[in-house]
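Please construct the entire structure, taking both the sequences and the accompanying hints into account.
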Amino acid sequence: MFKKLALLFFVLTLTLPTLVSCGQEKGTIKIGLEAPLTGDYAYEGQGFEKAVRLLVDQTNEAGGLLGRQVELIVEDDAGDPTQAALVAQRLVDAGVVAVIGAYNSTATEPASEIYNEAGLLHITPSSTATRLTQKGFKRFFRVCFLDDRQGLFAAKFAKDVLGVQNFGILHDNSTYAQGLAEHTKRYAEEMGINVAFYDAINPEDTDFTPILTNIGAADLDAVYFTGYHAQGGLLLKQTGELGLDITWMMGNACNNPELIQIAGLENAVGTYVTTEPLPKDLEYPEAQQFVADFEAAYGEPPSSVWWQMAGEAFNVIRYAIEQTKSTDSKVLAEFLHNEAKDLNGITGPILGWDEKGDRLGTIHVAYVIDENGEFVLHPEQPE
Amino acid sequence: MQFIQQMINGITIGAFYALVALGYTMVYGVLKLINFAHGDLFMWGAYLGLTSLNVVLGLVVQGSAWCILPAVVVVMTTVALAGVLVERVAYRPLRTAGRLAPVISALGVAFILQSLARNIYGASYKTYPNGITPAGGFSIAGSARVSVMQIIVLVVSFLLMGALYLFIQRTRIGTAMRAVSLNHDVSRLMGIDVNRIIAVVFLIGPGLGGVAGMIVGLYYGSFDFTLGWTYGLKAFIAAILGGIGNIPGAMLGGMLLGIIETLGSGYISPQWKDVIAYVILIVILIFRPTGLLGERVAEKV
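Residue numbers (this note's numbering), protein chains in the order written: chain H, 255 to 637; chain C, 924 to 1224.
Honestly, the hints are just simulated from the structure, not real lab data.
Predicted model only: the values in this text are computed from it and were never measured.
For glycine and all other residues, C-beta sits at the position ideal for the given N, C-alpha and C.
Honestly, I wouldn't trust all of these hints.
Part of the chain C face toward chain H, derived, beta carbon under 7 angstroms [stated by the list, open to error]:
1. 925
2. 932
3. 936
4. 1047
5. 1070
Far from chain H, by Cβ distances over 12 angstroms, these chain C residues were calculated [unchecked claim]:
6. 954
7. 1078
8. 1087
9. 1095
10. 1113
11. 1213
Partner residues aside, some chain C positions facing chain H, computed with beta carbon under 10 angstroms [what the hints assert, rightly or not]:
12. 928
13. 929
14. 931
15. 933
16. 1041
17. 1050
18. 1066
19. 1067
20. 1142
21. 1150
22. 1193
Written as C-alpha cells, this is what we have:
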C-alpha cells in the first residue's frame, strides 16, 4: 500500500509542474510585485499594492494587455534581504513576465540577483542605492532617481540656501541611507563644506538621546538625516524634548506625513526634506489623473510619492508590452533601453533610461514643514 | 555636562528594560521557562493603552493627564488576563513535556500575538495623541536636562518594582511564590496550590509588562508591532545579566544595560554600542555565570 502511494506521489510531483506550465502560455499575463507588506516599511509596501492594483484593475477593465487579462502576484518581503531572496524565487517560479519591487534597496539587492539570473524584467519603484545599477544587469531599471543625484541636491541646498559651513550627516547603516550619506558627504566636501559630524544610528532603537546629546554639543549649522521616517520622527521629537537647537534636513524616505505625527508638530516645524515632489505637487495631468483615481478607489489620495512610483513601474511595463506586443523580458528591456523616450509618466516626464537602467533627469526639490503640519515647497531652491 | 545628560538618558532607557525584565525573571523563577511571549504582551500593552486612551478621551474631559489612569487600569487588567490565558492554553499542558517544547510554544505565542497586533491595528506606526503627557522639564547641573516625563517614568518604575519586591518578600502569596520557585513538588506537599501560584505569576508579570508597554508608548509617542521583539530581547538579556529568577537582579540588569548602551553610543558610536554592551555582558557572565545577583539559580539541579 505504502509503495503504491509513494509511486502515486512520485508521478504527481513529476506531472504537476508540466500541467501548471501548460496553462501559463495562454492564460493571464502575470506581473509580480515584491513589497514590504509587513515590517518597518509596511506603510509603503501596502501603498505599493494599492497603487499597482488600481492600475491593473483599470487595465483589465479596458480589455487587458494583448487581449489577455493581467494577473498581479504580490509577495511580501518584509523589507528583509533574506525574505526578499525567498519571495523573489517564488515569483520566478510563479512564471511572472516582469517584476515591480522592492521598496528598500537592502531588499532589492538580493532579489535583483535572482531576477537577473531568471532573465526577468525588473523595475524598482523606490530603491535608490547607486550600486544596484552598477552590476551590469541588462533587465534592471528604476523609475526613481539615483541617490547620487539627491546627495548632490542636498549638498547644494545646504550650501546655497541654508549657508551651512559645519555640516553633520547621520545615516542608519541601511544600503539606501548609507549610500545617500556617502554621496552627500562627497559632494559637500567638494563644495568646501566642512563635514564635522558623520555617524549612524541603529534603526531598531527607539531612544536616540545619546547621539542627539552629542550632536547638540557639536555646534553644527545643519544635520542631514538620510534614514527612514519612523526614526526621523523620533529624532525630531527627542531633539525637542532635550531642548536642543538643531537644524534638521532629511532625505526622501522622510517624505511622509507620519514623520510629523511621530515627531509631534511643534518638533517637526522647520525641518527641511529633500525629495521627489509629493503626489499633490506633481503638476502633470497624468499625475493628477492618477491621484484622482486613487482617491476615488480608496477614499484618500496617495500620501507617498513611492506609491505613485510603484504605479509608474507598472505603467512602464504595460507600455513596453503594448508597444512591442511581446511578453519576452529581453524584448521589453531592449525596448526600454533604446526606444522608450519622452513618455508622460504619472510621476512627471520620463526622458528615458541610460544603459545602466537609471532613469534620466531629476525632479528633486526641497520641502519645509510649516506650522500647519504641511510639507510646503521651500521658496528658495538651489540652481 | 554631557556625561550627566548621558547618564539621565541611560537611566531612562534602563528603567524600561528593567520593567520588562521583571516579567521574564518572575516566570523563569517559578517555571524555569523563558517566556518569549512576554515581549509581545508588553507590546500589546502599548496598543491597548492607545485604544483605551482614545475611548477615555472620548468620554471624559480632555486635556488632563489624569485620564491616563483609567486607561492604565484597563491595560493592566487586560494584559494580565491575557497572560493567564497564555499560561493556561500554551504552557500548562506542556509543563511535563521537557524544556524544549514550552520554549517553542512560547515562541509560537509570541508570533501569534505579533501577527494579531499587525492584523488588527495595521502595520504602520501608531502614535499616542500629542500633548496628553505633561510636557516641559528643567535643567540640572548646567546644561543637562530632565523632562517631567522622565521623572514620572522613573518614579512609576521604581514604585512598581518596589511594590513587587515587597509583595514577594512580605505576603503569603509571595512566600508561596518563592517556595514554588525552589521546588514544585515540595511546595505541593506543603499545601501550596502550585497551579494557582503560577497563575498569579502570570497575572502580575504580564500586568506589569502591559503597563510598561503603555508607558513606553506614552514616552516615545510612537511604536509598531515589532516593539515587543526589540524590547523583549534587551529585557531578556537584562534579566540574565542581573541573574535570572532574581527580582532585584532584573532591575539592576536593566539599569546597567541601559547605561552601558547609552555611554557606548554617546561616547563611541551607536553603531558600536551593541558590541560594547555585549562584550561587557560576556565578560560579566564569564566571571559570574549566574548573573550579578543570581545565586539562587546556581544550586538548582
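Outcome of the hint check:
no.	hint	result
1	925	holds (6 angstroms)
2	932	holds (4 angstroms)
3	936	holds (5 angstroms)
4	1047	holds (4 angstroms)
5	1070	holds (5 angstroms)
6	954	holds (29 angstroms)
7	1078	holds (18 angstroms)
8	1087	holds (24 angstroms)
9	1095	holds (39 angstroms)
10	1113	holds (44 angstroms)
11	1213	holds (28 angstroms)
12	928	holds (5 angstroms)
13	929	holds (6 angstroms)
14	931	holds (8 angstroms)
15	933	holds (7 angstroms)
16	1041	holds (6 angstroms)
17	1050	holds (5 angstroms)
18	1066	holds (9 angstroms)
19	1067	holds (9 angstroms)
20	1142	holds (9 angstroms)
21	1150	holds (8 angstroms)
22	1193	holds (5 angstroms)
The structure fails none of the hints (numbered hints given earlier).
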